[in-house]
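J.: So you can see what is in the structure, the chains are spelled out below.
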Amino acid sequence: GAGVSQSPRYKVAKRGQDVALRCDPISGHVSLFWYQQALGQGPEFLTYFQNEAQLDKSGLPSDRFFAERPEGSVSTLKIQRTQQEDSAVYLCASSPTVNTEAFFGQGTRLTVV
Amino acid sequence: QKEVEQNSGPLSVPEGAIASLNCTYSDRGSQSFFWYRQYSGKSPELIMFIYSNGDKEDGRFTAQLNKASQYVSLLIRDSQPSDSATYLCAVNVRSQGNLIFGKGTKLSVKP
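Heads up: the sequence lines are chains A and B, in that order.
Letter by letter, the first sequence follows residues 388 to 500 in this note's numbering.
Letter by letter, the second sequence follows residues 791 to 901 in this note's numbering.
Hints are computed from structural coordinates only; laboratory data are not their basis.
Fair warning: there could be bad hints in the mix.
Stated by the list, open to error - Below, a sample of chain B positions facing chain A; criterion: calculated Cβ distance under 7 Å:
no. : residue
1   : S822
2   : S833
3   : P834
4   : L836
5   : F839
6   : L889
7   : F891
8   : G892
9   : K893
The beta carbon of each residue, even a glycine, is placed where N, CA and C say it ideally should be.
Model the full structure from these sequences, guided by the hints.
T.: Below is the structure:
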């Protein structure tokens, strides 16, 4: 079956603009994660869903970041009033159950100018 | 102290040699341990996972876990230039399934 799909692959936003990043997980996967990866760094955890429930959002860097997964499948990460420091690759991953291996999408590279 | 520590490298090994990648973690409640490979400009790709103390082998890859020492490693036998990538160690630190990543070790396999 298809892997984790993210869109758009690339996004250039002007500072202050709102953006929405989409993640379509592997069908049937219960857990969904969002990570932020800066150049030369490992992925940094942002938030985690189990089905439609957002169980952990401790990694969201500010209240400008918001994520949802209303029907327990597709998820959207929204960043309001983007800042230059938000420039990074945003990775989505899904896993079939809790505590099992996670599979990553291709990522969305966000550049804020 | 960061929860998952890796030497950033670069680690350079000749083709055909064994590459040894190491990772330490701080949370003794960690339950699951994962190794991901990430090529430049690409997303992380799962290589192996290990849950129990000891060794787990899959082809040229062996994962080793020592929970008492809070240490997990990845051995790559008969290293190939195509193995050149950044290797990320990830640890599940809570029962809810959140993965914490190290910064990764850059491996370079020289022909």
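J.: Next, verify each hint and record whether it holds.
T.: Evaluation of the provided hints:
1. S822: holds (5 Å)
2. S833: holds (4 Å)
3. P834: holds (5 Å)
4. L836: holds (5 Å)
5. F839: holds (5 Å)
6. L889: Holds: closest Cβ of chain A sits about 6 Å from B/L889, inside 7 Å.
7. F891: Since the shortest Cβ distance to chain A is 4 Å, the answer is holds.
8. G892: Since the shortest Cβ distance to chain A is 5 Å, the answer is holds.
9. K893: holds (5 Å)
When each numbered hint is compared with the structure, no violation occurs for any of them.
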